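Turn these sequences into a full structure, and let the hints steer you where they fit.
Residue numbers (the numbering used here), protein chains in the order written: chain Y, 1 to 316; chain D, 1 to 249.
Hints may be right or wrong, so weigh each one.
[As the list claims (entries may be wrong)] A few chain D positions that, by computed beta-carbon distances, are all more than 10 Å from chain Y:
# : residue
1 : S7
2 : S22
3 : R61
4 : R102
5 : K127
6 : T138
7 : M160
8 : H220
9 : L225
[Claimed, not checked] Quick list of the computed label-pair ranges, beta carbon to beta carbon:
#  : chain 1 : residue 1 : chain 2 : residue 2 : range
10 : Y       : G56       : D       : L108      : 23 to 31 Å
11 : D       : N165      : Y       : L93       : 36 to 44 Å
12 : Y       : H13       : D       : K32       : 16 to 24 Å
13 : D       : T72       : Y       : R14       : 35 to 43 Å
14 : Y       : T164      : D       : I88       : 53 to 61 Å
15 : D       : S119      : Y       : L82       : 38 to 46 Å
16 : Y       : A200      : D       : T134      : 51 to 59 Å
17 : D       : D68       : Y       : R108      : 35 to 43 Å
No lab work stands behind these hints: they were computed from the structure.
Just so you know, these numbers come straight off a predicted model, no measurement behind them.
For every residue, glycine included, the Cβ atom is placed at its ideal position computed from N, Cα and C.
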Amino acid sequence: MLNPLLVARCKQHRVVLAIAFLIIFPLLMPFKAIAVNILIYGLFALGFNMLFGTLGLLSFGHAALFGGGAYACGLVMLKLGLPWYVGILGSVLAGMLIAATIGAFAIRTRGIYFAMVTLALAQCLYFLADQATDLTGGENGLRGVDLKTIQLPGMTLNFVDPLTRYYVVAFFVAVALFVLSRILASPFGAVLEAVRENEARARACGYHVRMVRYLAFILSGGFCGLAGALQALHLSIVPLETLAISNSGLVVMMSLLGGMGTFFGPFVGAGIFLLLENLVSLWTVHWQIFVGAAFVACVLFFPRGIWGTILMGRGR
Amino acid sequence: MSDIILSAQSVGRTFGAFRALSGISVDFQRGKLTSIIGPNGAGKSTFFNLLSGAFPPSEGRIVFEGRDITGTPQHKFAALGIAKSFQITNVFPQLPVHENVRVALQALVSRYQIWQPRSSLPELADKADALLATVGLTDRRLRAAGTMAHGEQRALEIAMALAANPRLLLLDEPTAGMSPEETKAMMDLIVKLASERTVVLVEHKMKLVMGISDRLLVLHHGELLAEGTPDDIRHNDTVKRVYLGQREH
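Following this line, the structure appears as structure tokens:
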């Protein structure tokens with residue numbers, strides 16, 4: 001067992017530790033592209049976890065927030081001709097706006113109904129993007145979201161270089177982690193804990209539980225939208241599948257694998273999932289059987305997820 | 001201020017075809033400790049839930065300080081000046097005891113602040129310590145609330161209910177499931193609290209509240225059977241009949 005004081009200190013400085021890890025991470029990965037994907041999906045899962053892990057609300061429509069962010073970033077750059085960073089800003093706003101819209105309907109329901117309403121509304125967005133071919137490119141996807149160089153004062157970054165690209169993505173992920181840790185440490189973070197722990201008591205204390213959930217949904221949308229934008233820049237295209245139901249399912253699996261309700265669990269889950277996918281698919285095209293088996297084993301034997309189990313092992 | 005803090009005006013409640021409560025009209029006097037008693041199934045908890053806003057009455061009105069609060073959503077009660085404890089222990093089990101009270105206090109000042117750290121509200125931490133001292137839980141402050149003894153959790157609930165500094169405190173069977181020592185401590189605490197505010201208490205065990213209540217309401221089969229001082233109730237023949245044969249625990 002680790003020294004609890006050390007654990008507490010690690011927790012206190014988790015943003016600093018996370019940044020240090022982000023810097024060395026790509027050097028540990030077999031390909032740089034995996035590292036970028038892990039960060040993007042980890043960020044997506046982090047946004048999802050904000051609802052699922054923190055409040056226990058299982059959304060099956062988070063692809064709408066992720067894909068919505070990706071399309072928003074692409075459209076801002078291609079149709080409005082604005083620079084990439086405006087696209088990123090637009091994606092965060094789009095994610096929050098879509099979350100506010102879906103949430104307005106879904107937040108009144110609980111459990112399976114919540115999952116169904118979010119799924120149905122996300123599917124609406126998928127078919128909308130499929131039909132609006134002039135705007136979105138339909139099933140061909142939104143092509144040409146090209147970002148080659150990034151101008152900073154005094155230097156030019158070559159975004160095509162895999163390692164540079166990784167660090168640009170990592171910068172935004174670090175900002176998101178910082179924002180998330182501020183939210184969790186804030187008075188609103190305390191309210192989220194209270195609602196998760198005991199809804200009836202939170203209500204008796206004077207908290208408007210439904211409003212708390214709604215705001216958490218909107219914040220979740222911001223993180224997922226940002227992840228979508230990074231995906232769009234990384235791929236230089238927004239495939240229609242970004243909005244598909246499979247993406248919503250993927251993020252549920254990643255969160256469960258990593259450990260719901262933990263700070264780094266979403267990244268651990270995304271990392272394990274994508275590494276398995278990449279490594280097993282080198283060897284067999286039937287990689288999904290193995291990833292699926294790993295998922296089932298994880299749910300059976302580590303219900304707290306892999307990161308959740310590690311934390312518990314440290315005496316948390 | 002008027003002498004009547006809370007009044008129920010011909011309130012009733014049905015659950016489907018079952019009539020749990022019918023036509024109850026009661027005025028609760030400010031500054032008094034009123035106990036609602038009655039045998040099992042008398043409708044005490046239903047009445048409590050109507051008064052505390054857990055669900056609205058099927059008919060009738062509930063008026064608090066001259067204001068109709070029938071159907072007011074639960075989360076607005078704290079700001080009105082009404083707090084309650086639940087019949088089933090109801091704390092934030094995984095949060096530290098101190099944080100339980102702190103978050104209850106926070107509901108009045110900051111609900112949607114997402115950027116400043118919690119420590120930017122230091123006065124809440126101090127107030128939480130003071131409330132923990134009131135209910136005698138100071139040495140438990142860093143324990144996870146769910147790991148405390150039953151009686152201690154009930155005391156914590158009272159501290160949380162007091163966070164909003166309510167003018168009216170509603171307690172639903174605060175001694176349910178307690179050992180005799182815990183019951184004694186809880187009763188002493190209630191008497192202490194009742195000296196500063198209006199308390200309405202639901203209790204199954206008549207003996208417990210006889211000594212401490214200013215007024216008693218007796219419910220039976222969803223109706224108001226009797227109302228008065230403990231002496232009135234003690235000598236009321238109908239009440240005697242209802243409680244007879246059904247041995248007190």
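Each hint tested on the structure:
1. S7: 22 Å, holds
2. S22: S22 (chain D) is indeed farther than 10 Å from all Cβ atoms of chain Y, at 26 Å.
3. R61: 22 Å, holds
4. R102: 7 Å, violated
5. K127: 14 Å, holds
6. T138: Holds: least Cβ distance 21 Å, greater than 10 Å.
7. M160: Check fails; 7 Å does not lie beyond 10 Å.
8. H220: 28 Å, holds
9. L225: 29 Å, holds
10. Y:G56 x D:L108: 23 to 31 Å: 26 Å, holds
11. D:N165 x Y:L93: 36 to 44 Å: 40 Å, holds
12. Y:H13 x D:K32: 16 to 24 Å: 54 Å, violated
13. D:T72 x Y:R14: 35 to 43 Å: 41 Å, holds
14. Y:T164 x D:I88: 53 to 61 Å: Given about 58 Å between the Cβ atoms, the range holds.
15. D:S119 x Y:L82: 38 to 46 Å: 39 Å, holds
16. Y:A200 x D:T134: 51 to 59 Å: 23 Å, violated
17. D:D68 x Y:R108: 35 to 43 Å: Roughly 26 Å apart at Cβ, these two residues miss the hinted range, so it is violated.
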